[in-house]
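So the sequences go chain by chain: A and B.
Count the first sequence with the UniProt record's numbering and you get residues 1 to 417, in order.
Count the second sequence with the UniProt record's numbering and you get residues 1 to 180, in order.
Derived from the structure by calculation, the hints contain no laboratory data.
Note that the structure is a prediction, hence the values are computed from the model and not measured.
Where a beta carbon is used, it is the ideal one built from N, C-alpha and C, also for glycine.
It cannot be assumed that every hint is accurate.
[To be verified] Subject to a maximum C-alpha distance of 25 Å in a straight line, what follows is the list of computed DSS-like cross-link-like pairs (lysine-lysine):
#  : chain 1 : residue 1 : chain 2 : residue 2
1  : A       : Lys-85    : A       : Lys-271
2  : B       : Lys-31    : A       : Lys-372
3  : A       : Lys-372   : A       : Lys-76
4  : B       : Lys-51    : A       : Lys-76
5  : B       : Lys-81    : A       : Lys-372
6  : A       : Lys-372   : A       : Lys-316
7  : B       : Lys-31    : A       : Lys-119
8  : B       : Lys-51    : B       : Lys-31
9  : B       : Lys-31    : A       : Lys-258
10 : B       : Lys-81    : A       : Lys-258
[What the hints assert, rightly or not] To give an idea of the interface, some chain B residues facing chain A are shown, with a C-beta separation under 10 Å as derived from the structure:
#  : residue
11 : Leu-45
12 : Gln-47
13 : His-60
14 : Met-135
15 : Ile-150
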Amino acid sequence: MATTNEYRQMEESITMESRLERIESPDGGEHELLTVNMGPHHPATHGVLRLLVTLQGEVVLDLKPIIGYVHTGIEKTAEQKSYWKAIPVVERMDYLAYFFNAYAYCGSVESLLECEVPKRAQYLRVIHMELNRIMSHLVWLGTSALDLGAMSMFWFCFRERERILDLFEQSTGQRMHTRYFQVGGVIEDIPLGYEEKLREFIAIMPKRVGQYRDMLYKNEIALQRLKGICPLSEEDLLALGVTGPLLRAAGNPWDLRKADPYCSYDDFDFKIPVGTEGDNWDRMAVRMAEMEQSTRIIEQALDGLPEGPHITDDRKIALPPRHELGTSMEALIHHFKLVTEGFRVPPGEHYFPVESPRGELGCFVRADGSSKPARVHMRDPSFVNLQATAPMTRGSYIADLIATLAMLDPVLGGIDR
Amino acid sequence: MPDATGLELLAGELRDADGDAVLDTVHAHGKGQIVVAPGKIGWVLEQLRGKGYRSLMSVHGVDYYPEEPRLGVHYELLDMKEVDRITVKLRVPTDAATVPSVTPDWPTANHQEREVYDMFGVVFEGHPDLRRILMPEDYEGFPQRRDFPIGGEPVLFTADAATGDDYTIGVDADPNAGVK
Chain A
1 MATTNEYRQM EESITMESRL ERIESPDGGE HELLTVNMGP HHPATHGVLR LLVTLQGEVV
61 LDLKPIIGYV HTGIEKTAEQ KSYWKAIPVV ERMDYLAYFF NAYAYCGSVE SLLECEVPKR
121 AQYLRVIHME LNRIMSHLVW LGTSALDLGA MSMFWFCFRE RERILDLFEQ STGQRMHTRY
181 FQVGGVIEDI PLGYEEKLRE FIAIMPKRVG QYRDMLYKNE IALQRLKGIC PLSEEDLLAL
241 GVTGPLLRAA GNPWDLRKAD PYCSYDDFDF KIPVGTEGDN WDRMAVRMAE MEQSTRIIEQ
301 ALDGLPEGPH ITDDRKIALP PRHELGTSME ALIHHFKLVT EGFRVPPGEH YFPVESPRGE
361 LGCFVRADGS SKPARVHMRD PSFVNLQATA PMTRGSYIAD LIATLAMLDP VLGGIDR
Chain B
1 MPDATGLELL AGELRDADGD AVLDTVHAHG KGQIVVAPGK IGWVLEQLRG KGYRSLMSVH
61 GVDYYPEEPR LGVHYELLDM KEVDRITVKL RVPTDAATVP SVTPDWPTAN HQEREVYDMF
121 GVVFEGHPDL RRILMPEDYE GFPQRRDFPI GGEPVLFTAD AATGDDYTIG VDADPNAGVK
């Protein structure tokens with residue numbers, strides 16, 4: 001109990017007495033500070049996030065995010081699984097960016113194994129990751145517009161999201177948490193008819209983004225709620241370690257896909273949208289444009305999809321094809337060893353960063369030579385970006401806090417892991 | 001990514017400035033790692049900032065059980081201009097797990113140092129607000145340590161507390177616990 005009381009005292013220590021002295025109302029009255037608990041169950045927090053907000057009237061003086069409500073110990077669980085069985089576990093961290101979680105983890109293990117991924121597998125990964133990016137941004141746009149009071153945006157965004165989930169279902173068998181990426185490649189090639197359906201989607205998506213713009217960009221409420229609200233400078237964002245669309249909205253074109261290309265991203269021609277002000281409007285505009293750019297990448301990846309295997313032919317890492325099991329004893333042994341024990345990874349440590357829809361998603365894996373990882377850590381962008389909430393919203397209205405939180409796009413599954 | 005020679009040059013410069021700071025260098029999988037003395041971490045990161053590594057992308061903990069010293073803290077630095085990364089690592093034993101905090105100089109480390117403290121019990125001296133971040137505030141133990149057991153954790157129900165009963169689930173639980 002002693003620890004609990006000490007903790008409560010620390011929580012209460014944000015009342016900021018130094019500011020209390022300065023509170024004088026222009027009409028001669030007195031103002032009180034009010035500490036409000038927003039969350040953990042608040043529809044506008046996009047998850048189970050609790051904010052301890054200190055208010056002077058309607059103005060936010062300070063806030064502290066309190067997290068951990070959906071902590072499930074995924075990093076600890078992954079240590080108990082063999083490398084390939086840890087993939088579905090880590091996928092469930094940031095539940096809107098499952099392909100990115102899986103890719104960061106697989107990429108880290110592949111680096112430790114020094115395993116070459118076939119070109120076709122890389123392109124298939126790019127297609128799925130970019131679809132995932134559009135899907136994540138659609139959920140963000142729908143729910144953010146909902147926070148601003150725009151109900152219909154939500155339905156339009158989820159209409160397109162359904163199409164993407166249908167595509168995922170067709171190629172991977174699952175709508176979410178697909179377990180499609182494997183160490184060394186992807187589990188299956190795309191099925192017949194998939195390409196046609198994907199082309200239909202990439203033909204319609206840029207038009208849809210245009211329609212979203214038509215709905216929001218001339219909307220008086222959206223303009224007043226977002227333009228010039230809660231900006232943060234590039235220097236402050238960099239000091240806080242913020243990456244992704246938030247940093248690009250402030251004018252810094254840092255994008256790992258361009259800066260440090262992985263997974264054949266240097267084969268594709270695409271642009272990095274950047275903002276100028278770093279306000280909520282730019283944060284929205286950058287993500288809108290990113291959806292269009294992702295569509296371009298998917299189109300190029302589909303046009304240039306190389307022939308070849310979809311997973312490495314290293315039998316020590318990837319399962320042998322089904323038809324070999326009936327004829328080859330060796331294939332059967334490999335299959336048995338991989339399924340029962342899993343592959344072993346030589347000792348080493350590697351940090352593998354990728355550009356997720358929310359910024360730099362890094363996966364740190366430590367291998368100790370056994371068939372289970374000795375440590376898996378995700379540097380989740382939401383976890384780091386959340387630190388920028390207080391600097392962004394200090395001195396603004398509580399209504400703008402809701403809008404800013406929406407534009408920050410935190411995913412609590414990724415924050416709490 | 002600095003190549004092996006570049007990494008040695010960088011470490012050499014640090015060694016020239018302070019003979020005790022750099023303990024070791026590792027170059028693996030195309031990335032450089034510098035192992036430093038725990039007390040010098042603030043100084044080393046500041047030196048590397050001067051060399052262009054201006055962004056601290058990640059701070060995370062590792063438990064090297066059963067090796068000693070057991071606990072490790074890793075700092076991932078990034079140079080956005082040269083697109084270059086370097087890892088700075090340090091090791092501390094569990095009985096003296098204190099590391100100077102880098103949060104005053106690198107605000108991004110705030111949440112991440114709290115997570116390392118929460119999960120591994122590494123105390124960051126000089127951190128403005130060091131308390132648990134993901135686990136409940138009254139939690140005992142450091143769950144990411146390798147010797148922390150999986151399962152067997154008491155599940156608390158207020159009804160049981162009122163009657164003085166203890167209810168546990170998991171591998172080590174007494175099968176008769178909570179049964180009247």
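To see whether the hints hold, each was checked on the structure:
Distance restraint check for A/Lys-85 and A/Lys-271: the Cα-Cα separation of roughly 36 Å exceeds the 25 Å cut-off, and the hinted pair is therefore not satisfied. A hinted pair counts as satisfied when its Cα atoms are at most 25 Å apart, and B/Lys-31 with A/Lys-372 qualifies at roughly 23 Å. A hinted pair counts as satisfied when its Cα atoms are at most 25 Å apart, and A/Lys-372 with A/Lys-76 qualifies at roughly 12 Å. Of the pairs offered as hints, the one joining B/Lys-51 and A/Lys-76 is violated, with about 36 Å between alpha carbons and a cut-off of 25 Å exceeded.
In summary, the hint linking B/Lys-81 to A/Lys-372 is not supported, as the alpha carbons are separated by about 36 Å, beyond the 25 Å threshold. Taking the CA atoms of A/Lys-372 and A/Lys-316, the gap is about 15 Å. The hint holds against a cut of 25 Å. Our distance criterion of 25 Å between C-alpha atoms is met by B/Lys-31 and A/Lys-119, whose separation comes to about 23 Å. Simply put, B/Lys-51 and B/Lys-31 have alpha-carbon atoms about 17 Å apart, close enough for the 25 Å limit, and the pair holds.
Proposed proximity of B/Lys-31 and A/Lys-258 is supported: the alpha carbons are some 19 Å apart, at most 25 Å. A distance of roughly 13 Å separates the Cα atoms of B/Lys-81 and A/Lys-258; the hinted pair therefore holds under the 25 Å criterion. About 13 Å separates the beta-carbon of B/Leu-45 from the nearest beta-carbon of chain A, more than 10 Å, and the hint is not met. Here the hint on B/Gln-47 is broken, as its CB sits about 18 Å from the closest CB of chain A, past 10 Å.
Interface hint at B/His-60: satisfied, since its Cβ lies 4 Å from the closest Cβ of chain A, which is below the 10 Å cut-off. Given the 10 Å rule on beta carbons, the hint for B/Met-135 holds: about 6 Å separates it from the nearest Cβ of chain A. Because the beta carbon of B/Ile-150 sits about 6 Å from the nearest beta carbon in chain A, less than 10 Å, this interface hint is met.
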